[in-house]
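Q: Listed below are the residues making up each chain.
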Amino acid sequence: MEKLIYIKKESLKNFLEKISKDYDVYLPIQNKKNGIINFDSINILNENYIMNLKEKTRQSLKFLFFPPYESLFEFEYKKDIKNPEVTEIALSKPGNSNLREKVIFGIKPCDVRGIDYLDLVFNSGNNKDPYYLNKRENTIIISIGCSIVYPDCFCTSIGGSPFNFGNANIGLLDIGSDLIVTKLDESEKIKKFIADYKDFFEKKDMDDETENKINEIVLQSNKTCSTNWKKINPENITAKMESTFKEDALWQEITKKCISCAACTYVCPTCVCFNIADEQKDKKGERYRCWDFCTNYYYTLEASGHNPREKIYQRYRNKINCKYNYFIKRNKNLYCVGCGRCIDVCPVGMDIREIVSSIISF
Amino acid sequence: MEIVKNLLIPQIATVKKIINETTNIISLQIVLDDNESLKNFKFEPGQFGQISVFGVGESTFVINSSPLVKEYLQFSVMKTGVNTTAIHNLSEGEKVGLRAPLGNWFPYKDMEGRNILFIAGGIGAAPLRPLIFYIIENKNKYKNLTLLYAARTPEDFCFQYDINKWKNSGDIKVIQTIDNACYGWQQEVGLCPDILEKLKPSFENTVAVVCGPPIMIKYTIEVLKKLKFSDEAIYTTLERRMKCGIGKCGRCNIGEKFVCTDGPVFSLKELNKICENFI
Chain W
1 MEKLIYIKKE SLKNFLEKIS KDYDVYLPIQ NKKNGIINFD SINILNENYI MNLKEKTRQS
61 LKFLFFPPYE SLFEFEYKKD IKNPEVTEIA LSKPGNSNLR EKVIFGIKPC DVRGIDYLDL
121 VFNSGNNKDP YYLNKRENTI IISIGCSIVY PDCFCTSIGG SPFNFGNANI GLLDIGSDLI
181 VTKLDESEKI KKFIADYKDF FEKKDMDDET ENKINEIVLQ SNKTCSTNWK KINPENITAK
241 MESTFKEDAL WQEITKKCIS CAACTYVCPT CVCFNIADEQ KDKKGERYRC WDFCTNYYYT
301 LEASGHNPRE KIYQRYRNKI NCKYNYFIKR NKNLYCVGCG RCIDVCPVGM DIREIVSSII
361 SF
Chain H
1 MEIVKNLLIP QIATVKKIIN ETTNIISLQI VLDDNESLKN FKFEPGQFGQ ISVFGVGEST
61 FVINSSPLVK EYLQFSVMKT GVNTTAIHNL SEGEKVGLRA PLGNWFPYKD MEGRNILFIA
121 GGIGAAPLRP LIFYIIENKN KYKNLTLLYA ARTPEDFCFQ YDINKWKNSG DIKVIQTIDN
181 ACYGWQQEVG LCPDILEKLK PSFENTVAVV CGPPIMIKYT IEVLKKLKFS DEAIYTTLER
241 RMKCGIGKCG RCNIGEKFVC TDGPVFSLKE LNKICENFI
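As given, the protein sequences belong to chains W and H, one line each in that order.
The letter at position 155 of the first sequence is residue 155 when you use the numbering used here, and the numbering goes up by one with no holes.
The letter at position 6 of the second sequence is residue 6 when you use the numbering used here, and the numbering goes up by one with no holes.
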C-alpha cells in the first residue's frame, strides 16, 4: 500500500519555528487590523500578525527576489590629492546582504509558476541578473494547493491548476487536519531537508477516507476554477493578438475604463519591468532600480517629447500583448499565471478575462 | 555559486576630447580608464553604449568612431533632456561611466559585393559613420558607395570634417541636401525622400541603410519601396527609451523585439513581421 507523508496541522507551528532556526522563513501573514495578507518573515508573527494559509496574498511574492527598490551600486566623487585637477570616481557594489537560505512556505501554485517566469527573464540567456540570482538561489519553495478557489482565479484556463505544483520543491494539500505531501522533488537538498526535520514528516498508509478527501478537494477546486473562464490555447491566442493589433477602435473600446494607474502591474507576479535612476547627496550617491509600469505615460516618453505609446489604449494593448503574445513568442509560455490579482485590485473594474475574451471573439 | 557578470555596473572612462558638431550636438571622445579593458575593447559598427554622468543618470548613444580606431570611442550627443544637458556640461578630463558595446550590428558581411546607399538625416549620420569607415577601409569587397545626407540647414550637418575628406578621396559619393535654399548653398535643396526620388538610385544589387528622425525614416522607406528596393535590402537602426540595455527592464520593446538586444539594427523584412509600428 502507498505510504502517505504528511505534516500534522497541530505541529505546523513548531515545524515552522524549528526551520526558522536554520532558514529565513517567509509565509503568508495577515495584518489583523486591515485584513491584508502578504508574504513576510516569520519573525513578525504576533497577536496582530497571524499566519493565513487559506487566502490569496494581496501582493505576489516577486518582491522577495525583485524588490520594489534595489541599489545597483554606490559611487563617490573623490579629489586626487596629488593631482587636484582630476576628480576620480569610486564605485562600490552592494555586498550580498543575506546569504542565509530561504524557505518560502505556503505559496499558491500560481505564484510558483510566477517564479518560473521570473527565472526565464532574469536567469536565462547570456545576460543573467546577479541581483536577482543572489536572492533567488538557495531557496526552498513549499507550496500548498488551493482548497479554496476565488471568483477571480483562472489558472486552469491558461495551463495551470490549483494543485499543479510545477517547480515547487514540496507540494502540500490541506485536508483539514493534516497537510498531505503530494509533491516532493528528488534533489539532494530536499532529501536532506526532509531528513533534518523528519520528526515533523509523519508517515502512514493511505486509507480510503483520506483518499476520498483528497480526490474530493482536487475535483472541487478544479471544477470551480474552470468555470471562472474558458480555456486559452497559447498558439491560437498569439495569432488572434496579431490579427487584432491594428484594430485601434476595438482596443479603444475595451480599454476605455483604464485610468493608467498601474495597480494591476504592481500586484502581477510576472510584471517585472524596471526603471534605473541615480540619487546623489554631496559627493556620494547610488544608482538604483525600481519597479516601473508599461501602462505609465512616462514609461516610453523620450527626451525629445516623442512618445511611441502616447495613448492609454496603446499602453494597455502593449501590456496584454506582452502577456498573451510577445512572451509566448520569446519563451513559449503565456506570461500570466491566472492569479486574478489584477482583477481584484483594479479600481475601475477591468477584468483581463473580459479583455482577452473580447479579442478572441472579435 | 555561479559567477555572473554584472552588466549593470559601468566602467569608468575619461572624456579626452569634445568636438562641437552643431549648435546643439557635441561629440565626445572617451577612453576607458582600465588599460586592460581598453586594450581588449572590441565593437562592431552599429553597436551602442550607455554613458553615465554619475548622480544624473545614464543614456543610450551609438558608438560612432571607426571600429578600426583603438585609441578612443566617440559618441555624439544632442542636448535634449537632463542627461544630455549634463553631458554637454562636461569638460575634457572629466569622468563618465560607460557600458558598451551593447546590441547587434550592421550585417556588413552580407553586404559584400553590393552597392551601398547610405541615407542619413541629421544626427542619424552617427550610427552610419562607423559602418562607412569600415566599408571604405574594405572597399575592394564592396561596389559603389553613396551617401545621401540631409539636414535642416548647412549648420546642422554633423561630421562635416569626414564629409570633406570623403569628397576629396572619392571613396564614397556624397550628396548633401538641406530643407530650404540658403545663400551660398550649392548642393541639393529639399527633403530627404524627395531628393532620393529625384536621384532614382538603382535597386539592383544595392543595399540601403537608413537612419534619421522617425518621420524621415518612414517617408524614405516609402520612396525606397517605390524604387523597388526589397524589404531585405533596406536596413535601419532604431532607438527607444532604454534603461538596462540588456533585455531585462522591458522598456524598449517594439512588439516582441527588444531594440537593445534584438536590435538596434533591423532589416525592413524583420520590422514588417512585428505587429507594432516601429515609427
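Everything labelled a hint here was simulated from the structure, so no lab data went into it.
Be aware that one or more of the hints could be misleading.
What the hints assert, rightly or not - Straight-line distance between alpha carbons at most 25 Å, and here's what the computed DSS-like set of lysine-lysine pairs gives:
hint, chain 1, residue 1, chain 2, residue 2
1, H, Lys16, W, Lys79
2, H, Lys141, H, Lys70
3, W, Lys240, W, Lys102
4, W, Lys240, H, Lys273
Q: Next, verify each hint and record whether it holds.
A: Each hint tested on the structure:
For the given pair, Lys16 (chain H) sits about 18 Å from Lys79 (chain W) by alpha-carbon distance, which is consistent with the 25 Å threshold. For the given pair, Lys141 (chain H) sits about 23 Å from Lys70 (chain H) by alpha-carbon distance, which is consistent with the 25 Å threshold. For the given pair, Lys240 (chain W) sits about 41 Å from Lys102 (chain W) by alpha-carbon distance, which is inconsistent with the 25 Å threshold. At most 25 Å may separate the alpha-carbon atoms for a hinted pair to count; Lys240 (chain W) and Lys273 (chain H) meet this at roughly 15 Å.
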